[in-house]
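Please model the complete structure; the sequences and the hints are all you need to start from.
Those protein sequence lines, which keep their order, are chains L and H. Take the first sequence: its letter number 199 is residue 853 in my numbering, and every next letter is one higher. Take the second sequence: its letter number 325 is residue 979 in my numbering, and every next letter is one higher.
Keep in mind the hints are simulated off the structure, nothing from the lab. The structure displayed is predicted, hence computed values, not measured ones. Among the hints, erroneous ones may be present.
Stated by the list, open to error - With a straight-line Cα cutoff of 20 Å, these simulated PhoX-like cross-link-like pairs (lysine-lysine) come out:
| hint | chain 1 | residue 1 | chain 2 | residue 2 |
| --- | --- | --- | --- | --- |
| 1 | H | Lys897 | L | Lys918 |
| 2 | L | Lys795 | H | Lys924 |
| 3 | L | Lys977 | H | Lys795 |
| 4 | L | Lys978 | H | Lys795 |
| 5 | L | Lys978 | H | Lys750 |
| 6 | H | Lys657 | H | Lys712 |
| 7 | H | Lys897 | L | Lys760 |
| 8 | L | Lys924 | H | Lys802 |
| 9 | L | Lys802 | H | Lys802 |
| 10 | H | Lys760 | L | Lys977 |
| 11 | H | Lys924 | L | Lys924 |
| 12 | L | Lys750 | H | Lys977 |
| 13 | L | Lys977 | H | Lys750 |
| 14 | H | Lys858 | H | Lys802 |
| 15 | H | Lys977 | L | Lys894 |
| 16 | L | Lys795 | H | Lys978 |
| 17 | L | Lys897 | H | Lys712 |
There are 2 protein chains.
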Amino acid sequence: MIKIGIVGYGNLGKGVESAIVHSSDMTLVGVFTRRNPKSVHTYTDVPVYGMDEIYKMKDQIDVLILCGGSANDLPKQTVELAQYFNVIDSFDTHAKIPEHFENVNKSSEKSQHVSIISVGWDPGLFSLNRLYGQAILPNGKDYTFWGKGVSQGHSDAIRRVEGVLDARQYTIPVDEALESVRNGDNPSLTTRQKHMRECFVVAKPDADLSKIEMTIKTMPHYFDEYDTTVHFITQEELDKNHKGIPHGGIVFRTGTTGLNNENKHLVEYKLTLDSNPEFTSSVLVAYARAAYRMYQQGQCGCKTVFDIPPAYLHVESGEELRKKLL
Amino acid sequence: MIKIGIVGYGNLGKGVESAIVHSSDMTLVGVFTRRNPKSVHTYTDVPVYGMDEIYKMKDQIDVLILCGGSANDLPKQTVELAQYFNVIDSFDTHAKIPEHFENVNKSSEKSQHVSIISVGWDPGLFSLNRLYGQAILPNGKDYTFWGKGVSQGHSDAIRRVEGVLDARQYTIPVDEALESVRNGDNPSLTTRQKHMRECFVVAKPDADLSKIEMTIKTMPHYFDEYDTTVHFITQEELDKNHKGIPHGGIVFRTGTTGLNNENKHLVEYKLTLDSNPEFTSSVLVAYARAAYRMYQQGQCGCKTVFDIPPAYLHVESGEELRKKLL
Numbered sequence: 655m656i657k658i659g660i661v662g663y664g665n666l667g668k669g670v671e672s673a674i675v676h677s678s679d680m681t682l683v684g685v686f687t688r689r690n691p692k693s694v695h696t697y698t699d700v701p702v703y704g705m706d707e708i709y710k711m712k713d714q715i716d717v718l719i720l721c722g723g724s725a726n727d728l729p730k731q732t733v734e735l736a737q738y739f740n741v742i743d744s745f746d747t748h749a750k751i752p753e754h755f756e757n758v759n760k761s762s763e764k765s766q767h768v769s770i771i772s773v774g775w776d777p778g779l780f781s782l783n784r785l786y787g788q789a790i791l792p793n794g795k796d797y798t799f800w801g802k803g804v805s806q807g808h809s810d811a812i813r814r815v816e817g818v819l820d821a822r823q824y825t826i827p828v829d830e831a832l833e834s835v836r837n838g839d840n841p842s843l844t845t846r847q848k849h850m851r852e853c854f855v856v857a858k859p860d861a862d863l864s865k866i867e868m869t870i871k872t873m874p875h876y877f878d879e880y881d882t883t884v885h886f887i888t889q890e891e892l893d894k895n896h897k898g899i900p901h902g903g904i905v906f907r908t909g910t911t912g913l914n915n916e917n918k919h920l921v922e923y924k925l926t927l928d929s930n931p932e933f934t935s936s937v938l939v940a941y942a943r944a945a946y947r948m949y950q951q952g953q954c955g956c957k958t959v960f961d962i963p964p965a966y967l968h969v970e971s972g973e974e975l976r977k978k979l980l
Numbered sequence: 655m656i657k658i659g660i661v662g663y664g665n666l667g668k669g670v671e672s673a674i675v676h677s678s679d680m681t682l683v684g685v686f687t688r689r690n691p692k693s694v695h696t697y698t699d700v701p702v703y704g705m706d707e708i709y710k711m712k713d714q715i716d717v718l719i720l721c722g723g724s725a726n727d728l729p730k731q732t733v734e735l736a737q738y739f740n741v742i743d744s745f746d747t748h749a750k751i752p753e754h755f756e757n758v759n760k761s762s763e764k765s766q767h768v769s770i771i772s773v774g775w776d777p778g779l780f781s782l783n784r785l786y787g788q789a790i791l792p793n794g795k796d797y798t799f800w801g802k803g804v805s806q807g808h809s810d811a812i813r814r815v816e817g818v819l820d821a822r823q824y825t826i827p828v829d830e831a832l833e834s835v836r837n838g839d840n841p842s843l844t845t846r847q848k849h850m851r852e853c854f855v856v857a858k859p860d861a862d863l864s865k866i867e868m869t870i871k872t873m874p875h876y877f878d879e880y881d882t883t884v885h886f887i888t889q890e891e892l893d894k895n896h897k898g899i900p901h902g903g904i905v906f907r908t909g910t911t912g913l914n915n916e917n918k919h920l921v922e923y924k925l926t927l928d929s930n931p932e933f934t935s936s937v938l939v940a941y942a943r944a945a946y947r948m949y950q951q952g953q954c955g956c957k958t959v960f961d962i963p964p965a966y967l968h969v970e971s972g973e974e975l976r977k978k979l980l
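And the structure:
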């Protein structure tokens with residue numbers, strides 16, 4: 655059994671906990687938190703420890719899955735813990751991945767452990783599909799669409815608007831854009847042409863609704879470059895209809911082959927997810943298996959999904975995989 | 655530059671030739687044929703050699719791409735050539751992959767070369783998606799649909815029917831089955847429920863059309879388990895409308911997460927290909943790059959797509975890939 659530790663017990667940590675229940679070759683040793691451990695109750699009654707206890711448990715843990723946030727937690731936490739453990743994180747600030755990679759790699763090489771960063775679906779499975787698509791169809795174009803799904807960042811931005819009590823924002827790909835890509839038109843798409851944004855907002859009783867709507871629609875970076883729809887609803891409606899965290903999206907690769915590029919091809923990879931954090935957790939858990947196996951083989955250093963042989967993710971042996979799945 | 659040799663100059667070999675033209679890091683050394691080399695003319699005027707000359711050119715070739723058939727050529731050819739070269743093949747007789755793997759592995763380990771077998775889209779990219787899907791969503795089900803596309807084997811089977819001059823057969827996924835999978839119904843589907851078969855047949859002038867139709871529709875293994883439509887057309891119409899070799903298909907993984915499997919997820923990987931052989935060739939060429947790199951690192955033995963780190967397929971460095979694609 656591969657012994658897993660979870661660092662951070664938010665949505666992602668809870669998702670990892672339940673994914674491990676469904677993994678036949680893994681066991682969960684404990685959850686580590688910066689909160690008072692006594693205040694945290696796990697779904698499966700697995701023990702909760704303070705972060706200061708983690709180093710004592712070095713020999714009881716094969717892989718740590720880090721479930722903190724990319725803005726404030728992971729840039730320090732992954733680098734620190736990679737000095738003692740095999741670690742997996744879901745660092746998703748795309749622009750800062752090279753820097754994070756370098757920092758984590760130093761720790762992992764020094765400690766002779768394996769780390770895998772930026773694991774999930776984007777970065778993660780979507781990145782893989784961009785890579786496979788480009789490698790196989792070098793004459794082509796790729797497109798990534800996100801949604802329909804909840805953007806936590808955009809929902810938070812709306813909640814900070816004066817007069818707003820609660821909000822939920824959906825990112826939605828524009829149908830015409832999807833059709834154009836599927837038709838092989840190879841369109842050049844602006845931000846506005848690719849995605850639209852739909853907002854469900856609970857306002858304070860005395861709030862100026864048209865002012866809230868205008869503030870949202872013109873908000874720089876978040877909404878101003880998109881066609882945005884704002885619906886005002888009650889807290890009751892929001893709680894009833896918009897409490898899930900669905901997400902997903904599509905990676906396309908369109909390309910041509912033939913001496914004169916006479917044949918067209920379309921690769922489409924589409925995710926439709928009821929729970930964004932639980933799916934991300936499931937990806938993290940599969941890559942924890944890979945980290946464990948690579949460490950057992952004596953490998954070390956920082957890896958990404960690009961570096962991991964796919965067979966390492968699956969519980970069955972190479973022989974079984976060739977027989978059943980190839 | 656990676657120096658490539660092509661063995662066999664049918665549709666697949668021609669596809670490899672043109673894919674190499676579009677690969678910035680590869681050069682084509684020659685085509686090797688069992689025919690009289692003087693009778694073979696390549697698109698790009700690359701030299702053609704008889705098979706007996708291949709061993710003399712050992713030091714001029716980094717990777718051989720074997721473009722023969724799975725039934726009669728590859729079981730011997732890959733095993734033989736793996737004793738001297740790094741080789742890639744597209745062996746696609748699923749049931750015999752384990753045996754082929756063992757045989758090729760012995761040759762490659764002995765000669766300290768790298769071989770990659772069963773490369774293409776199925777087996778190949780579809781296999782990868784079955785593997786990633788199962789690894790990430792262990793509680794789930796996968797489905798593979800083929801088409802709409804031309805089945806060479808079924809077209810050949812029709813051509814062998816008495817009174818038939820020419821024929822083209824399309825395999826088509828049944829819409830209701832696709833919708834049921836996309837809806838998350840987790841259906842159990844019979845052969846008939848998954849695919850239907852559409853045949854375009856050119857008959858001899860005096861042939862008994864209803865007898866031909868009945869013979870096709872009841873043909874064991876090929877058609878008897880499917881709903882089959884037969885259209886009689888002229889050779890002119892066949893040549894005009896059915897001379898392409900399109901194909902494609904979809905791999906689905908549906909699965910649940912959460913302690914009580916309360917959240918559903920759907921992964922859909924879809925290929926729509928104008929030219930089945932040219933797309934397969936493009937996959938072969940990308941994996942030739944991987945074989946070259948693994949050999950350079952001192953690896954040897956037989957591999958499949960399951961064993962290849964995705965980054966090895968792409969012309970750019972790990973650093974560039976992390977920056978641009980992750």
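Exercise. Has the given pair, L:Lys897 with H:Lys712, been kept, meaning a C-alpha gap of at most 20 Å?
Worked result: 64 Å, violated
For this session: Would you check the hint for L:Lys977 and H:Lys795, treating anything up to 20 Å between C-alpha atoms as holding?
Result: 17 Å, holds
Problem set entry | Agreement of H:Lys657 and H:Lys712 with the hint, judged by alpha carbon distance not exceeding 20 Å | 11 Å, holds
For this session: Decide if the proposed pair is consistent with the structure: H:Lys897 and L:Lys760, CA atoms, cutoff 20 Å inclusive.
Result: 56 Å, violated
Problem set entry | Pair hint H:Lys760 and L:Lys977, alpha-carbon separation not exceeding 20 Å | 18 Å, holds
Exercise. Is L:Lys750 within 20 Å of H:Lys977, Cα to Cα?
Worked result: 9 Å, holds
Exercise. Does the alpha-carbon distance linking L:Lys978 and H:Lys750 stay inside the 20 Å limit?
Worked result: 11 Å, holds
Exercise. Is L:Lys802 within 20 Å of H:Lys802, Cα to Cα?
Worked result: 28 Å, violated
Problem set entry | Given pair status - H:Lys802, H:Lys858, alpha carbons within 20 Å | 27 Å, violated
Exercise. Within 20 Å, alpha carbon to alpha carbon, are L:Lys977 and H:Lys750?
Worked result: Status holds; Cα separation ~9 Å.
For this session: Assess, step by step, whether the Cα of L:Lys924 is no farther than 20 Å from the Cα of H:Lys802, and give holds or violated.
Result: Within the cut-off at roughly 19 Å; holds.
Problem set entry | Pair hint H:Lys924 and L:Lys924, alpha-carbon separation not exceeding 20 Å | The given pair, whose Cα atoms are some 8 Å apart, holds under the 20 Å limit.
Hint compliance for this structure: hints 7, 9, 14, 15, 17 are broken, all remaining hints hold.
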